[in-house]
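Trainee: Here are the chains, one letter per residue:
Number of protein chains: 2
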Amino acid sequence: MDLYKAIYQRKSVRSYLDKDVPDPILTKILEAARMAPSASNRQEWRFVVVRDPKHREQLADAAYGQQFVAQAPVVIVCCAETTEHVMRCHQLCYPIDVAIAVDHITLCATAEGLGCCWIGAFDPQRVQHILDIPPEIKVVTLLPLGYPQDPSQVSKNRLPLEKIVQYETWS
Amino acid sequence: MDLYKAIYQRKSVRSYLDKDVPDPILTKILEAARMAPSASNRQEWRFVVVRDPKHREQLADAAYGQQFVAQAPVVIVCCAETTEHVMRCHQLCYPIDVAIAVDHITLCATAEGLGCCWIGAFDPQRVQHILDIPPEIKVVTLLPLGYPQDPSQVSKNRLPLEKIVQYETWS
Numbered sequence: 019m020d021l022y023k024a025i026y027q028r029k030s031v032r033s034y035l036d037k038d039v040p041d042p043i044l045t046k047i048l049e050a051a052r053m054a055p056s057a058s059n060r061q062e063w064r065f066v067v068v069r070d071p072k073h074r075e076q077l078a079d080a081a082y083g084q085q086f087v088a089q090a091p092v093v094i095v096c097c098a099e100t101t102e103h104v105m106r107c108h109q110l111c112y113p114i115d116v117a118i119a120v121d122h123i124t125l126c127a128t129a130e131g132l133g134c135c136w137i138g139a140f141d142p143q144r145v146q147h148i149l150d151i152p153p154e155i156k157v158v159t160l161l162p163l164g165y166p167q168d169p170s171q172v173s174k175n176r177l178p179l180e181k182i183v184q185y186e187t188w189s
Numbered sequence: 019m020d021l022y023k024a025i026y027q028r029k030s031v032r033s034y035l036d037k038d039v040p041d042p043i044l045t046k047i048l049e050a051a052r053m054a055p056s057a058s059n060r061q062e063w064r065f066v067v068v069r070d071p072k073h074r075e076q077l078a079d080a081a082y083g084q085q086f087v088a089q090a091p092v093v094i095v096c097c098a099e100t101t102e103h104v105m106r107c108h109q110l111c112y113p114i115d116v117a118i119a120v121d122h123i124t125l126c127a128t129a130e131g132l133g134c135c136w137i138g139a140f141d142p143q144r145v146q147h148i149l150d151i152p153p154e155i156k157v158v159t160l161l162p163l164g165y166p167q168d169p170s171q172v173s174k175n176r177l178p179l180e181k182i183v184q185y186e187t188w189s
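Line by line, the protein sequences give chains A and B.
Just so you know, we're using my numbering here: the first sequence kicks off at 19 and counts up by one.
Just so you know, we're using my numbering here: the second sequence kicks off at 19 and counts up by one.
Keep in mind the hints are simulated off the structure, nothing from the lab.
None of the values given here were measured: they were computed from a predicted structure.
Hints should not be assumed to be uniformly reliable.
As the list claims (entries may be wrong) - Straight-line C-alpha distance at most 27 Å; calculated DSSO-like pairs for lysine-lysine:
| id | chain 1 | residue 1 | chain 2 | residue 2 |
| --- | --- | --- | --- | --- |
| 1 | A | Lys46 | B | Lys72 |
| 2 | B | Lys72 | A | Lys23 |
| 3 | A | Lys46 | B | Lys174 |
| 4 | A | Lys23 | A | Lys174 |
| 5 | A | Lys72 | A | Lys23 |
| 6 | A | Lys181 | B | Lys72 |
| 7 | A | Lys72 | A | Lys174 |
| 8 | A | Lys46 | A | Lys23 |
| 9 | B | Lys37 | A | Lys46 |
| 10 | A | Lys23 | B | Lys29 |
To be verified - Reference excerpt, derived from the structure (chain B facing chain A, CB under 8 Å, subset only):
| id | residue |
| --- | --- |
| 11 | Leu35 |
| 12 | Trp63 |
| 13 | Ala88 |
| 14 | Val172 |
| 15 | Gln184 |
A virtual CB, placed ideally from N, CA and C, is assigned to each residue, including glycine.
One chain only, chain A, in its complex shape (with noise of 0.2 Å):
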C-alpha cells in the first residue's frame, strides 16, 4: 500500500472479526518495527506477541476492562528493556524510539487490511505479572492487531496545519 494511503487509512480499531492474523503476515509487520531508527541505535523496544485467549482475558482486565483487547486475537505487548538513557535534550530515549517502532506496526497493519489501537489505558505492573515480565521493563503500550469489524475509512478530526505549524519562529 502507497505510504500516504496508510498514514489516511490508519484508524483506531476497537471491534475485531473472529479470525486470526496469519503468522507471515505478523512477521512481515515485526520485521518492519525492527526497521525503526532509534537514539544511538539502541533498539530497546522488546515485544510480546499473546494469543492465548487466557492470557488476553487477563491483559483487557488490566486494561480496566476494554473487552476489545480480548476480542483481537493478537495483542502485541510493547515494551523498553533499557530505560534510563537520556539525549542531550533530557528525553528519555525509550519512549520516542519504541514509539517509532510501534508507528511503523500500526502503519503496516493498514496495509495488511489489519486494524490495532494504542492502549495507553492499563495498569503496568498487572501486565508485568501476567506475562512474567521482569520489573526492569518498561510496558509502554498494548496494542491489540486483528481485522475490523468495521473497514470503512474515518475522516481523522485534526488541528489544521495553520494551527500546528509556525514558519521561522515561534510566534
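Given the coordinates of chain A, assemble chain B onto it according to the supplied hints.
Mentor: For chain B alone, kept in the frame of chain A given last:
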C-alpha cells in the same frame, strides 16, 4: 512510494545537496504528520519550519556543532505544546505523540526523495532562545530536511527478530 519500501529505505541523512525543498512537498509531509494518532487526540505536536540561514547556523551551534543541521535547507523543530498529561500506564503522552508524528515526517521525506535525521543532541534552552519558543514548550527533536548527497540505500544494522520478540510470555 510503497509503505514497506519507505520503511526499509529510510536512513539518517547527514549530508545534503544545495537544493531547496519545494513548499508543496513540505506541506504534503506536514499534512501527513498532522494525521498521526495521539493520546485522547490531544495533537500536542507543534512544528517550527526554519529556512533562514542565520537561524540554521545558530541551531547547528545549539546542536553542539553538528554542521549538517545548517547545511540542510530546512530544519523542522519538533515541539510539544502541552507536556503534563500522563496516561494511566504512567507514560507521559507528549514524547510518544510527537514521535509518531515525526515518524510520519521521516517516512514521507523518504517517499519524496528527501532525507532527514532525528537530532537528540542539542541544548533545548538555546534552541528556545533562538526561535522565541516559550519556556513551557518542550523541544523534542530537531529534524534537518533536504535532498541527500548520497541517495543510495544502506543496509540496516538491527537486532534479529528472535532478540526482540517473545511469544505469550516474556521468557
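Trainee: Now, for every hint given, state plainly whether the structure supports it.
Mentor: Structure-based check of all given hints:
1. At most 27 Å may separate the alpha-carbon atoms for a hinted pair to count; A:Lys46 and B:Lys72 exceed this at roughly 44 Å.
2. A hinted pair counts as satisfied when its Cα atoms are at most 27 Å apart, and B:Lys72 with A:Lys23 does not qualify at roughly 37 Å.
3. Of the pairs offered as hints, the one joining A:Lys46 and B:Lys174 holds, with about 16 Å between alpha carbons and a cut-off of 27 Å not exceeded.
4. For the suggested pair A:Lys23 and A:Lys174, the alpha carbons sit about 13 Å apart, so the restraint of at most 27 Å is met.
5. About 35 Å separates the Cα atoms of A:Lys72 and A:Lys23, which puts this hinted pair outside 27 Å; it is violated.
6. Simply put, A:Lys181 and B:Lys72 have alpha-carbon atoms about 25 Å apart, close enough for the 27 Å limit, and the pair holds.
7. At roughly 34 Å between alpha-carbon atoms, A:Lys72 and A:Lys174 are farther apart than 27 Å, so this suggested pair is violated.
8. For the suggested pair A:Lys46 and A:Lys23, the alpha carbons sit about 19 Å apart, so the restraint of at most 27 Å is met.
9. For the suggested pair B:Lys37 and A:Lys46, the alpha carbons sit about 36 Å apart, so the restraint of at most 27 Å is broken.
10. A threshold of 27 Å between alpha carbons decides the hint, and for A:Lys23 with B:Lys29 the separation of about 21 Å falls inside it, so the pair holds.
11. For B:Leu35, the interface hint is violated, the least distance from its beta-carbon to any beta-carbon of chain A being 21 Å, above 8 Å.
12. Here the hint on B:Trp63 is kept, as its CB sits about 6 Å from the closest CB of chain A, short of 8 Å.
13. A cut of 8 Å between beta carbons decides the hint on B:Ala88: the least distance to chain A is about 15 Å, and the hint is violated.
14. Evaluation of the B:Val172 hint against chain A yields a violated restraint, the C-beta minimum of about 11 Å exceeding 8 Å.
15. With its C-beta approaching chain A no nearer than about 5 Å, B:Gln184 sits inside the 8 Å limit, and its interface hint holds.
Taken one by one, the earlier hints fail for this structure at numbers 1, 2, 5, 7, 9, 11, 13, 14, listed in ascending order.
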